[in-house]
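Construct the entire structure; sequences and hints are all you get.
Going line by line, the protein sequences match chains A and B. Just so you know, we're using our numbering here: the first sequence kicks off at 1 and counts up by one. Just so you know, we're using our numbering here: the second sequence kicks off at 1 and counts up by one.
Heads up, some of the hints might be wrong.
Said to hold, decoys possible - DMTMM-like, lysine to aspartate or glutamate: derived pairs with alpha carbons at most 20 angstroms apart:
no., chain 1, residue 1, chain 2, residue 2
1, A, 228, B, 277
2, A, 201, A, 12
3, A, 229, B, 189
4, B, 264, B, 285
5, B, 200, A, 37
6, A, 229, B, 267
7, A, 253, B, 267
8, A, 251, B, 118
9, A, 253, B, 282
10, B, 201, B, 189
11, B, 274, A, 110
12, B, 180, A, 163
13, A, 95, A, 136
14, A, 207, A, 110
15, A, 199, A, 67
16, A, 2, A, 114
Honestly, the hints are just simulated from the structure, not real lab data.
The lines below spell out each chain.
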Amino acid sequence: MKILVCIKQVPDMESRFKVNAAGDWYDQSDLAFRMNEYDEYAVEQAVQLKEQLGGEPEITVVSIGPERVGEPLRKALAMGCDRGVHIHDADSSRKDPWQIASLLAAFAREGSYDVIFTGMQSQDRGSAQVGMILAELLGLPSVTTIVGFSYEDGQVTVRRELEGGARSVVRVPLPALFTCQLGLNQPRYPTLPNIMKAKKKEILLVKEGDFALTEGRALTSRLFRPEKKGRGLVLEGDVAEQSQRLVEILKIKTAVFR
Amino acid sequence: MKFLLVAESRDGKLCDVSHELLAFAAEAGAEYAYFQVGSEESLPCCDATLYLADRERYGEYSPDLHKELILAAVEWEQPDAVVFMHSSYGWDLAPRVAVALQAAQVSEVVAINDGEYEVGCCNGKMRRSVKPTTPRVVLTLQSGAFNQKEVSGGTPQIVPLEIEKAGGQIDFIGYEEAEKKSVDLTRADIVVSAGRGVGKKENVPLIADLARALGGELGGSRPVVDAGWLDHSHQVGTTGQVVSPKLYMACGISGAIQHVAGMKRSEFVVAINKDRDAPIGEIADVLVVADVMQFVPALIARIGQQA
Ligand SMILES: Cc1cc2nc3c(=O)[nH]c(=O)nc-3n(C[C@H](O)[C@H](O)[C@H](O)COP(=O)(O)OP(=O)(O)OC[C@H]3O[C@@H](n4cnc5c(N)ncnc54)[C@H](O)[C@@H]3O)c2cc1C
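The structure is reproduced here in structure tokens:
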């Protein structure tokens with residue numbers, strides 16, 4: 001069995017974002033980057049499937065982006081993936097989901113993977129499209145937003161999350177693609193020995209230019225900070241003062257202390 | 001301009017999204033037709049063409065078939081945009097349709113502006129304006145972004161839709177309802193919720209202490225539930241409970257759209273966050289910029305002095 005996991009590196013969402021000089025994305029300097037949260041569940045699920053099958057499957061983890069994308073790839077290797085592929089593209093943030101998925105499809109087509117896992121969306125762009133477009137381009141059945149996964153005899157049964165916490169149970173034959181939702185599993189922390197081992201695993205570097213490129217379909221013309229509409233009061237200062245003020249406010253505005 | 005609006009149903013019932021789709025069409029000044037896999041018993045109110053495919057025959061989650069049905073409706077209607085809600089139904093189906101139509105997809109639209117679509121990004125901290133380059137587009141709408149108070153009446157003109165039923169590869173087995181709630185947050189007057197910002201499981205009891213001091217219930221954001229710090233019956237948000245208390249306190253919660261959807265009807269919102277820019281500040285009546293582990297004990301002490 002061959003498993004592919006597609007991951008993205010995103011900035012920490014607690015960062016203070018600034019618009020870049022071109023005005024079409026955030027300025028990437030001075031940001032701390034990490035693996036997209038949803039993708040951690042994708043990596044974990046791949047590793048669990050490998051473990052279930054006695055270590056037989058080979059897991060490839062792929063990511064598109066600049067130099068720094070090596071870090072989340074290393075992390076995925078330390079979590080248990082076998083080999084990494086870095087599709088080097090210094091300008092990947094300019095590509096729309098169609099272009100990213102087309103690039104992944106060009107790569108994945110050569111690998112004939114049985115199972116592909118992606119996150120359901122990225123934390124920065126949040127389009128929830130790349131995994132699905134990839135599946136369509138490869139002609140694979142796909143299911144989004146999985147919160148449960150089980151494999152038996154070439155068949156996969158997944159739970160799809162719906163609004164309000166309900167789920168639907170769906171069965172899919174392999175090969176297939178799944179987009180992973182938060183809570184699907186408990187992503188493991190790489191252990192020190194595994195981090196050391198991961199250093200010896202291969203990360204293949206390929207260039208985006210090695211693949212046929214496609215035109216974008218939905219390009220970002222402008223990135224901006226939304227106008228603050230909130231008229232709320234902001235309490236700063238030390239906690240003694242803040243807590244006193246908050247209690248005074250609650251007394252006036254709510255019935256809590258009545 | 002003409003839209004094809006995709007209505008949804010679950011368990012045979014029309015989902016309550018048609019007014020949002022209609023509000024969007026109205027704002028765009030577009031004509032529209034509807035599409036639905038459902039039944040005649042549960043139809044959207046509108047004076048428009050409705051392409052209706054039979055739910056018994058095509059199922060409620062059979063995305064390959066639903067895609068083909070939508071493509072058939074597109075063939076008849078030749079719309080400029082196919083519009084879904086950004087829901088578990090919409091985000092699953094929209095990319096399938098977009099690829100087939102070779103159309104741009106713009107996800108989770110919150111506004112339209114001069115032929116461009118505005119969408120949130122970076123957990124709502126930033127926004128993007130997106131310009132499609134294809135003649136036809138596929139859109140998903142952020143739930144709650146477009147709203148129309150008065151629901152226009154009318155009866156749709158039904159056009160039954162059928163396709164050669166090529167067996168889909170995805171086999172829908174059934175629904176599982178959310179577990180029974182051991183905590184009913186929807187009736188609580190005061191809800192105090194813990195977010196990932198509380199840092200670790202051992203810190204959750206402190207937030208529970210605050211809830212108790214205020215005579216309220218303990219809620220939580222999704223990561224706190226996913227990590228097993230609280231069980232799911234405490235989760236507030238689109239995939240948890242939707243609450244509308246008199247006072248909601250968000251402790252270490254960033255204010256992601258899916259969380260806000262579950263608490264935005266609260267009368268008074270207090271957020272405690274160390275990040276002054278956290279999106280929760282947009283909906284909070286009071287934003288306390290502080291470390292939750294330092295502020296909450298101070299607040300509990302103050303509350304104790306009130307008695
Ligand atoms: C389909 C779907 C459905 C979802 N459903 C839900 C749902 O029902 N409910 C839900 O909550 N989420 C839901 N989510 C997840 C949602 O998108 C967010 O990931 C989640 O709400 C984030 O939770 P959080 O605010 O606790 O964590 P984070 O976003 O990580 O925010 C933590 C916050 O704590 C602050 N903080 C950190 N440390 C401290 C400190 N020491 N003191 C004070 N503040 C601190 C940070 O500044 C930050 O703002 C859903 C997502 C999807 C895609």
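Problem - Hints not upheld, ascending by number - result: Violated hints (numbers, rising): 2, 3, 8, 10, 11; every other hint is consistent with the structure.
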